[in-house]
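Kindly generate the complete structure, drawing on both the sequences and the hints.
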Amino acid sequence: MNTREKFSVGLLSLGFILALLPLSANRSFTVKPQKLLSEVLNEKTFFTVDQVARFVISDDSTVQIIDLRSPEEFRSVNIPGSINVPYNELLDNDPGSFLNDGNIKNIFYSNGDFDSNYALVTARGLNYKNTYVMKGGLNEWFNTVMNSSFSGERISARENALFETRTRARKLFTEINSLPDSLKLKFIEAKHIAAKKLDGDCE
Amino acid sequence: MGIIHKYKVVIAVVLPILILVLIRQFGGNHFQTDAKRWSEPSIMRSNIITEEKIGTLSGEKLIINLGEGNREIKDMGMELLNIPADSVLSKNILHTIGKHDGPLLLYSSETAVSARIWMVLSQMGYKNIFILTNEADNEISKNKFRPDTIVRPEL
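Protein sequences appear in the order of chains A and B.
Numbering of the first sequence is given in this note's numbering, commencing with residue 23 and proceeding in unit increments.
Numbering of the second sequence is given in this note's numbering, commencing with residue 13 and proceeding in unit increments.
A few of these clues could be false.
20 Å max Cα-Cα, derived EDC-like pairs, lysine to aspartate or glutamate [unchecked claim]: (1) A:K208 <-> A:E197; (2) B:K48 <-> A:E197; (3) B:K154 <-> A:D72; (4) A:K151 <-> A:E61; (5) A:K54 <-> B:D46; (6) B:K154 <-> A:E95; (7) B:K156 <-> A:E95; (8) B:K103 <-> A:D72.
Far from chain B by the CB rule (all over 12 Å, computed), these chain A residues [as the list claims (entries may be wrong)]: (9) S30; (10) Q56; (11) S98; (12) N106; (13) F120; (14) N122; (15) D123; (16) F172; (17) L184; (18) F185.
Just so you know, these hints were derived from the structure itself, not from any lab.
All C-beta atoms, glycine included, are put in the ideal place defined by N, C-alpha and C.
Quick look at the structure:
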């Protein structure tokens with residue numbers, strides 16, 4: 023058998039194999055199921071609303087908060103500094119455009135616990151390991167941060183610190199979400215500039 | 013025999029690739045292609061079922077309780093499998109899930125756990141899986157924000 027004939031048979035066979043493979047241009051999970059399962063069942067993939075509140079008031083630049091709700095819900099109220107990527111559009115565009123920076127912790131939240139956890143598994147399945155969930159979502163944020171109060175006689179230092187964090191986060195949340203949409207972004211930008219000036223960064 | 017001998021070089025190259033492709037396609041322990049397609053029920057919320065609506069599902073139901081023990085789940089007169097969440101991908105459980113010919117209901121006292129397991133199983137190609145929950149309205153906003161019109165933001 024000559025080389026040309028072998029080559030033709032080889033090509034035909036490879037064509038047959040290609041036909042067996044699913045042709046899909048869409049994204050698919052790349053990690054192994056068992057590995058993904060152990061990753062997503064790890065408690066370290068959760069942040070509590072108090073932890074997120076601390077990130078928000080300290081304007082932590084190593085954290086990106088991602089709101090998975092609809093644009094209408096996001097416009098009406100959101101956690102200060104968060105970006106909006108509706109869950110139903112998570113895979114429509116390249117998630118790498120907002121999840122790619124390995125130095126940044128991406129924290130998903132929605133109103134409850136479903137969408138954020140679906141998004142976490144999806145992102146981790148696509149090998150974005152720097153993804154987390156705010157446990158309980160915005161409903162829990164309201165219960166814990168917005169409706170927090172202290173009614174006892176004595177308060178420990180730890181409780182006081184927690185209460186202080188919640189109060190500051192609530193104030194910031196109320197301030198920003200009370201602004202008209204056109205001013206929200208300007209306020210956040212002005213806050214960043216003010217913080218840089220305090221750090222001595224004369225931009 | 014003559015043909016095999018004649019094409020032995022081609023067979024040596026193509027056969028291993030074919031075997032790998034077949035394992036990838038028909039082996040159980042891998043994710044399907046097109047993640048968006050397999051997450052579609054979660055977007056439509058058609059993967060969530062409450063106790064009251066279980067009757068609308070046809071076929072023999074199997075409840076997979078992802079907690080430890082079945083104290084949290086009431087006796088619903090359905091087949092019940094108690095397994096820890098981290099064992100859900102063990103061979104015998106996957107075999108049971110694959111063999112079951114009816115709706116599979118995932119239950120956990122923690123919504124986050126059942127949501128995560130649902131997505132993993134769905135992306136592996138398992139269909140007819142639902143999350144059994146008492147909180148069908150979990151993703152509905154339960155709080156109304158009242159803007160403070162007096163507040164003046166401080167920098």
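Which hints, by number, does the structure contradict? 2, 8, 9, 10 and 11
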